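As given, the protein sequences belong to chains L and W, one line each in that order. Terminal number for the first sequence in my numbering: 361, no gaps in between. Terminal number for the second sequence in my numbering: 1361, no gaps in between.
Derived by calculation from the structure, the hints in this document are not laboratory data. Wrong hints could be hidden among the right ones.
To be verified - With a Cα cut of at most 20 Å, we get these calculated EDC-like pairs of lysine to aspartate or glutamate: (1) L/44 to L/16; (2) L/105 to W/1228; (3) L/231 to L/214; (4) L/328 to L/126; (5) W/1222 to W/1233; (6) L/328 to W/1123; (7) L/44 to W/1315; (8) W/1222 to W/1210; (9) L/44 to L/55; (10) W/1044 to L/309; (11) W/1044 to L/315; (12) L/231 to L/255; (13) L/105 to W/1233; (14) W/1328 to L/233; (15) W/1105 to L/228; (16) W/1105 to L/233; (17) L/351 to L/2; (18) W/1351 to W/1315; (19) L/328 to L/317; (20) W/1105 to W/1123; (21) L/105 to L/134; (22) L/44 to W/1309; (23) W/1351 to W/1002; (24) W/1044 to L/317; (25) W/1231 to W/1048; (26) L/44 to W/1317; (27) W/1328 to W/1125.
Since we're looking at a predicted model, the values are computed, not measured.
2 protein chains.
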Amino acid sequence: MDRAWNFSAGPAALPEAVLRQAQADLLDWNGSGASVMELSHRGKRFMELAAATEERLRRLMGIPANYRVLFLQGGATQHFAQIPMNLAPRDGSADYIVTGVFSRKAVSEAAHHVNANVAATSEADDFRSLPPRDTWRLDPSASYVHYTPNETIRGLEFHDVPDVGDVPLVADMSSNILGAPLDVSRFGLIYAGAQKNIGPSGLVVMIVRDDLLERAPQPIAKILRYAEQAKNDSMLNTPNTWGWYLAGLTFEWIEGQGGLAVMGERNARKSATVYAAIDGSDGFYRNDVQRSARSRMNVSFVLHDTALDAVFLQESEAAGFIGLKGHKAIGGMRASLYNAVSEPAVDELVKFMRDFAARHG
Amino acid sequence: MDRAWNFSAGPAALPEAVLRQAQADLLDWNGSGASVMELSHRGKRFMELAAATEERLRRLMGIPANYRVLFLQGGATQHFAQIPMNLAPRDGSADYIVTGVFSRKAVSEAAHHVNANVAATSEADDFRSLPPRDTWRLDPSASYVHYTPNETIRGLEFHDVPDVGDVPLVADMSSNILGAPLDVSRFGLIYAGAQKNIGPSGLVVMIVRDDLLERAPQPIAKILRYAEQAKNDSMLNTPNTWGWYLAGLTFEWIEGQGGLAVMGERNARKSATVYAAIDGSDGFYRNDVQRSARSRMNVSFVLHDTALDAVFLQESEAAGFIGLKGHKAIGGMRASLYNAVSEPAVDELVKFMRDFAARHG
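Isolated chain L, as found in the complex (with noise of 0.2 Å):
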């Protein structure tokens, strides 16, 4: 078949342009004769290509000079664990916002290793806005403060980092990194699955300010020490050649198309343009997210008739659209809007949620 549209929302759509580099390369990448996934890690060419990869995103990101970039394995999920392990000890303590179902997991691997206090939640609210920053109960002598800036199952966004004092700020960025300008200088560390805005499942990027890495860890395997990893460039042991290499191949494509500013401009349109169907489709399909946290990077609506979500589903699977259903936590539908989402399969959408409303409406 042609290529769908996809509307994951992790592992999620990559540019076609990377796909279709990947393939060329398969074979014989950069004349050596093999395939990335076939060569050393320590070999002059992949360690060209992962010093060239951290030298993009730090050029894309803009990253200060005082931090250190990490390509790392485990998921977010390890990190929610491993996090703690490095930056607190095993008696102090970490505030946590909780905002939905990733930050609330965040909690509960990080409890085993570290005193965790929520310090404001959503989830009387069912994850449906953010709680207002006033009503933060953060202790100032807390080892961090951990947020989600975007929680993808209900599509929940921060759009602005706020402001936690001293303490430095942690930020879970799996679902919305890469998706529009940061100021990097804003946190202490941020860290990010990569099969959302970066490439494959399997890898995670981590940006961590140098201080933290100073901090005594507690008494952990070597292996999952960060301050370990960045004094071995992430070869501590074999780091995934492929996602690196992907990675690479994205934050390419990202740049060609004009960097941060440009996928910001594009993500706010394309979120818009859907909130915007949703919104005047006289109550066929609705959002529930409080207005101003809607997340530019999922955008989750109900069918005003559950009864319609099964039809739904399956009249745009055989239209060509794939990975709309919602996350099986809140139900109905979820387009998925990452970088990767071309402007025209969010309009190819757009029409085809119109034309459902008008066939079953």
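Could you slot chain W onto chain L? The hints should help.
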């Protein structure tokens, strides 16, 4: 250029048929209209792939029903730390057999999480031999005995599974899994980084006996507990889907070649061919490993004159060989002969070695 003769130690050669299939599937896998990297791991297509891949591995290795198969991340090194967290109490102890750089690293990582006792080592011999079984000082109350059936750097391999009584045997098989038939029932836990005989780096395959999953883990996050991964079919979070897919293609290729018996015979022939070239070189090449423990997977050799090392590497590269440089820890050369390295490739190597010796002897 053409495909190189790839003797890399890992990441290493993959079967060309696997790469060609991956190339064909790259933009549209399995009629999905998307790459396997672009699809949800919880979607029907990937779930089927995951289950079929596990089934195939079970068939290939004859894995008994009371073992679980996990598809994890982090490389073997992360599991050096995670295995004690899961199989031993914090104040418990485990025995380690140290026969090379990797088993030594297993001890030093584990030591942060358990009392890791070196029950036997051949370090005094610079890891050229295996410590005789009757010299091992095993503790019958140890939580497990850990060993490394094949040491990649020196090329030192156990050709029989050691008897360690009732204490569960844990094996890091990163560099020889699938290289020959194996009696899985002799082991408590087998684990392997994928980047030699399984697939690309970034994936770890673990085979673990049910009763070990029932042991109480140390107080660690859920994501680090093997029992939780087993309960969730290795999808506690997003797995490395590309690695899992490539592993499936590799297992299929091995099955198509005739399975592990055929792999074992081929690998025996391949390594015998290279060792014969070394031993028959009148001292031009030398392999220092105890004869009975020579590896079928990694053949290390030194040249009689180290001044020729650079020439050997340069000429071999010009002749289309890659990955022949030995590990920096011991110098010299190393030819890794994993399943994907064909017999014709080995014949070419041996021919080159003879020609080189004739020209520089």
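Structure-based check of each hint:
no., hint, verdict
1, L/44 to L/16, "violated, 28 Å"
2, L/105 to W/1228, "holds, 15 Å"
3, L/231 to L/214, "holds, 11 Å"
4, L/328 to L/126, "holds, 14 Å"
5, W/1222 to W/1233, "holds, 14 Å"
6, L/328 to W/1123, "violated, 54 Å"
7, L/44 to W/1315, "holds, 17 Å"
8, W/1222 to W/1210, "holds, 18 Å"
9, L/44 to L/55, "holds, 16 Å"
10, W/1044 to L/309, "holds, 18 Å"
11, W/1044 to L/315, "holds, 17 Å"
12, L/231 to L/255, "violated, 28 Å"
13, L/105 to W/1233, "holds, 19 Å"
14, W/1328 to L/233, "holds, 18 Å"
15, W/1105 to L/228, "holds, 15 Å"
16, W/1105 to L/233, "holds, 19 Å"
17, L/351 to L/2, "holds, 19 Å"
18, W/1351 to W/1315, "holds, 13 Å"
19, L/328 to L/317, "holds, 18 Å"
20, W/1105 to W/1123, "holds, 13 Å"
21, L/105 to L/134, "violated, 24 Å"
22, L/44 to W/1309, "holds, 18 Å"
23, W/1351 to W/1002, "holds, 19 Å"
24, W/1044 to L/317, "holds, 14 Å"
25, W/1231 to W/1048, "holds, 17 Å"
26, L/44 to W/1317, "holds, 14 Å"
27, W/1328 to W/1125, "holds, 18 Å"
This entry does not satisfy hints 1, 6, 12 and 21, going by the numbered hints stated previously.
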